[in-house]
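Following the hints, complete the assembly by docking chain V onto the known chain B.
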Amino acid sequence: MKIKNSQKLPGLFIKIFLLGGLNAFALWSVPVLIADGRFLYAAYIAISTLILDYIFLSSKFVAAKYIVPGAILLVAFQIYPAIYTGYIAFTNFSVGHEMNKQSAIDSIISNSLEPVGDDSILPMRLAKTPEGSTVLLIKESDGNLYLGNAQSLKKLPPNSWSVDAEGNIQSVEGFTFLTDEEIALVLEQYSNYFVPGLEENVKYRVADFTNVERITPTLQYNSAGDYVENLLTGEIYKPNKEGAFVGADGVELEPGWTARIGLKNLERVIGDERYRTPLVKVMIWTFVYPFLVVMLTFFLGLFLALTINHPKIKPKKLYRILLIVPYAMPGVLSILTWKGMLNESYGIVNKLLPGAVPWLSDPWWAKVAVVLVQVWAGTPYMFLIATGAIQALSTEIVEASEVDGASPRQVFWNIKLPLVVIALTPLLIASYAYNFSNFGSIYLLTGGGPVMYDSGGVAGHTDILISYTYNLAFTAGKGRDYGLASAVSFINFLIVAVISIQAFRRSKQMENIN
Amino acid sequence: MSTELIVRQKKMTFQKWVRVLAWRHFIALLAIAFALFPLIWMASASFDELGKINTQSLIPQYPGLSNYRALWENPDQPYWLWMRNSVMIASINAVLQLAIGATAAYALSRFRYRGRKTTLMTILIVQMFPQLLAVTAFYVILADLRESIPFMDFGSPIALLIIFAGGALGINAWMLKGFFDSIPSEIDESAKIDGASHGQIYVRIILPLALPMLAVVALLSFIGTMNEFLLTAVILGGNQEAITLAVGMRQFIETDFQENWGAFAAGALIATIPVMVLFIWLQKFVVSGLTAGSLKG
Numbered sequence: 018m019k020i021k022n023s024q025k026l027p028g029l030f031i032k033i034f035l036l037g038g039l040n041a042f043a044l045w046s047v048p049v050l051i052a053d054g055r056f057l058y059a060a061y062i063a064i065s066t067l068i069l070d071y072i073f074l075s076s077k078f079v080a081a082k083y084i085v086p087g088a089i090l091l092v093a094f095q096i097y098p099a100i101y102t103g104y105i106a107f108t109n110f111s112v113g114h115e116m117n118k119q120s121a122i123d124s125i126i127s128n129s130l131e132p133v134g135d136d137s138i139l140p141m142r143l144a145k146t147p148e149g150s151t152v153l154l155i156k157e158s159d160g161n162l163y164l165g166n167a168q169s170l171k172k173l174p175p176n177s178w179s180v181d182a183e184g185n186i187q188s189v190e191g192f193t194f195l196t197d198e199e200i201a202l203v204l205e206q207y208s209n210y211f212v213p214g215l216e217e218n219v220k221y222r223v224a225d226f227t228n229v230e231r232i233t234p235t236l237q238y239n240s241a242g243d244y245v246e247n248l249l250t251g252e253i254y255k256p257n258k259e260g261a262f263v264g265a266d267g268v269e270l271e272p273g274w275t276a277r278i279g280l281k282n283l284e285r286v287i288g289d290e291r292y293r294t295p296l297v298k299v300m301i302w303t304f305v306y307p308f309l310v311v312m313l314t315f316f317l318g319l320f321l322a323l324t325i326n327h328p329k330i331k332p333k334k335l336y337r338i339l340l341i342v343p344y345a346m347p348g349v350l351s352i353l354t355w356k357g358m359l360n361e362s363y364g365i366v367n368k369l370l371p372g373a374v375p376w377l378s379d380p381w382w383a384k385v386a387v388v389l390v391q392v393w394a395g396t397p398y399m400f401l402i403a404t405g406a407i408q409a410l411s412t413e414i415v416e417a418s419e420v421d422g423a424s425p426r427q428v429f430w431n432i433k434l435p436l437v438v439i440a441l442t443p444l445l446i447a448s449y450a451y452n453f454s455n456f457g458s459i460y461l462l463t464g465g466g467p468v469m470y471d472s473g474g475v476a477g478h479t480d481i482l483i484s485y486t487y488n489l490a491f492t493a494g495k496g497r498d499y500g501l502a503s504a505v506s507f508i509n510f511l512i513v514a515v516i517s518i519q520a521f522r523r524s525k526q527m528e529n530i531n
Numbered sequence: 005m006s007t008e009l010i011v012r013q014k015k016m017t018f019q020k021w022v023r024v025l026a027w028r029h030f031i032a033l034l035a036i037a038f039a040l041f042p043l044i045w046m047a048s049a050s051f052d053e054l055g056k057i058n059t060q061s062l063i064p065q066y067p068g069l070s071n072y073r074a075l076w077e078n079p080d081q082p083y084w085l086w087m088r089n090s091v092m093i094a095s096i097n098a099v100l101q102l103a104i105g106a107t108a109a110y111a112l113s114r115f116r117y118r119g120r121k122t123t124l125m126t127i128l129i130v131q132m133f134p135q136l137l138a139v140t141a142f143y144v145i146l147a148d149l150r151e152s153i154p155f156m157d158f159g160s161p162i163a164l165l166i167i168f169a170g171g172a173l174g175i176n177a178w179m180l181k182g183f184f185d186s187i188p189s190e191i192d193e194s195a196k197i198d199g200a201s202h203g204q205i206y207v208r209i210i211l212p213l214a215l216p217m218l219a220v221v222a223l224l225s226f227i228g229t230m231n232e233f234l235l236t237a238v239i240l241g242g243n244q245e246a247i248t249l250a251v252g253m254r255q256f257i258e259t260d261f262q263e264n265w266g267a268f269a270a271g272a273l274i275a276t277i278p279v280m281v282l283f284i285w286l287q288k289f290v291v292s293g294l295t296a297g298s299l300k301g
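These protein sequence lines are chains B and V, in that order. Residue 531, in my numbering, is where the first sequence stops; the numbers in between run on with no holes. Residue 301, in my numbering, is where the second sequence stops; the numbers in between run on with no holes.
One thing to keep in mind: the hints can contain errors.
Said to hold, decoys possible - Derived SDA-like pairs (lysine to any residue); straight-line CA-CA distance at most 20 Å:
1. B:433 with B:418
2. B:334 with V:284
3. B:334 with V:28
4. B:433 with B:320
5. B:334 with V:287
6. B:32 with V:100
7. B:298 with B:54
8. B:172 with B:192
9. B:82 with V:205
10. B:32 with V:287
11. B:258 with B:113
12. V:196 with V:117
13. B:32 with V:102
14. B:298 with B:385
15. B:333 with V:289
16. B:433 with B:324
17. B:82 with V:117
18. B:171 with B:213
Hints are computed from structural coordinates only; laboratory data are not their basis.
So here's chain B without its partners, still in its complex pose:
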């Protein structure tokens, strides 16, 4: 097999193209990230790019060329998020505590802005200077016209401009006004734009197309003393450990910032009745649910495999194909179909049964429902792997025991079954770990419900840890507490780790490493 060197050319082009793209992205994104203060991300992109350049431009690191690109993504989007989850668990990141301290201070100050004077709304035009930069032309109540931008305010000579009868600015020498269409395009940029005023602490902000508002903050941050002062009443707000400025009367300024609060989230989970009671129930169900599912699916699957795997069953192949249909159906859609079939008043399942079973509203029946649906969805997999294991059984052992005089019954119970179970144990543990955080199977069918009333509506009777986490973090109106959610998520991580290490030890996968 001769391969000419010229055939390396397309590969070289792809390499240059991809590396070029990567470097262009790095050159653009790193300065942006640094400017926004996201140093960790900037450093990661910069270092990754340098490593990839080095590896691909040298001919030394052959194996690294194949592994490092995936590894860089793995670290960024699998390992780092896992560690970061642990970090968020030690913060109070939640609605109202989403930003860092500096952004929170900026936000507090700009929320406290109040108009100054009776005539605080002033005529203004957005205009372009001859150099092409956009500025604000503001007519102050002192009768002068000022040229302002984010940095400074400058008086314009009185004879260089004119106003109409209503006092609106009509024309200014050397400036072209922006048309309404142009203003509409740029107006959003001025939502957080301030022009320094004539006095200290006074600013202008764009109110609409042709007006500014003269404003001043009522709160001021004192960086030396690290407190916020109300300029009108003189009240002092000091930072507390939970990431908020608090006054002497206990009033908190909003928003707060994300603060490291140590083990507070875990303490809440363990110590606070409102979280502990549901969490204990959720935790128990998180262990019981996958156990039931794995046991039932495994025994049903094994039983079916043994039943059908008889030499005289002829339509074996057809049976097998029909039996794995649930496994081939997209899970989200089949679970939603089951939800309709289990509908209490109209669903087909209740029509077929003599009584109306409250599948989704009774705590116990809802548990039966989620297990039933997962048994339906998971048995084909167990059936497939059990069939594989039975067919892979060494015939020598079976024959040897038959020669030794064992009855077919004995061969089955004492030889075949134990061998199959041992061979499948790692897959069973893996399946347990999978169902341990099988979000869709719970959330799409019952939404975790019916609601546990003593949980303040956050937890439901069929919730497992991951769906409880989702409720804590993302269900609007129920708190949106990412810190607490991460603490629960982290507990979930730890349990999955323990289960996985067990599976890992028992499996033969270690052998593949050599």
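Relative to chain B, chain V alone:
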């Protein structure tokens, strides 16, 4: 089928047939009925012009295609937009997963370098952690990055794809490595003697030989993405233009389960059939892929 069996197997008496085989057929048929029922029910609902849960019967009273027409006409349910989003995201993701997973698997299978064992151990451990457990972290990371990098924002399919790509070096690489190991290394060694580079051996020898396995990994990853709900909902959920079939169908059916039942069933059936045919067609490879490395003992 069963009478035929008796004729052919003359030695077997009727009593013996009942005792040994009849119950097996009975159980198999019972299990098949249970397995197929939701699919049949879904199909029946999709052809029922009334389109409601409460009036549905197994054989539709007013059979017709109005539910299928609704998939094109109902603006509240832009089914084909969701389908397009899903297929786009799932296809691109399958390609990315395959590209990253297979290249890494090639190196792990063929090169002996320092740190190889560590890499394998890391991959083996990391692949056990589903990415969705870190869903809050992904939310925070995107909330952090969205202002600096426009495509790393909520509602951006690119952000979702990049996050999924982070998991590519897990299970896929592991599964493919097992398969690459089974390709005799004499083949690539003789190619090396003929002057082939490592890149040429990979592209022109290993990849073609591993084609069935690559197809399985691509298929499993495609189905997995079509079915992924949690991360997709959190990352794309706010952007109605970008949501996938899984998120869209859930949203659609949640708003009015009773009224939208028929249209839901029609959409679900269209999405189910192709995946199912592909899966059953490739089932032999799928099974060997799923159990690779575990059934050896």
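Okay, the hints, checked on the actual structure:
1. B:433 with B:418: holds, 11 Å
2. B:334 with V:284: holds, 11 Å
3. B:334 with V:28: Given that 20 Å is the threshold and the Cα spacing comes to 14 Å, the pair holds.
4. B:433 with B:320: Cα-Cα ~13 Å, so holds.
5. B:334 with V:287: This hinted pair holds, its Cα atoms lying about 12 Å apart.
6. B:32 with V:100: Cα-Cα ~16 Å, so holds.
7. B:298 with B:54: violated, 42 Å
8. B:172 with B:192: Holds, at roughly 14 Å.
9. B:82 with V:205: holds, 14 Å
10. B:32 with V:287: Distance of about 36 Å is beyond 20 Å: violated.
11. B:258 with B:113: holds, 15 Å
12. V:196 with V:117: holds, 18 Å
13. B:32 with V:102: With Cα atoms ~18 Å apart, residue 32 (chain B) and residue 102 (chain V) stay inside 20 Å; holds.
14. B:298 with B:385: holds, 16 Å
15. B:333 with V:289: holds, 18 Å
16. B:433 with B:324: holds, 14 Å
17. B:82 with V:117: holds, 12 Å
18. B:171 with B:213: holds, 10 Å
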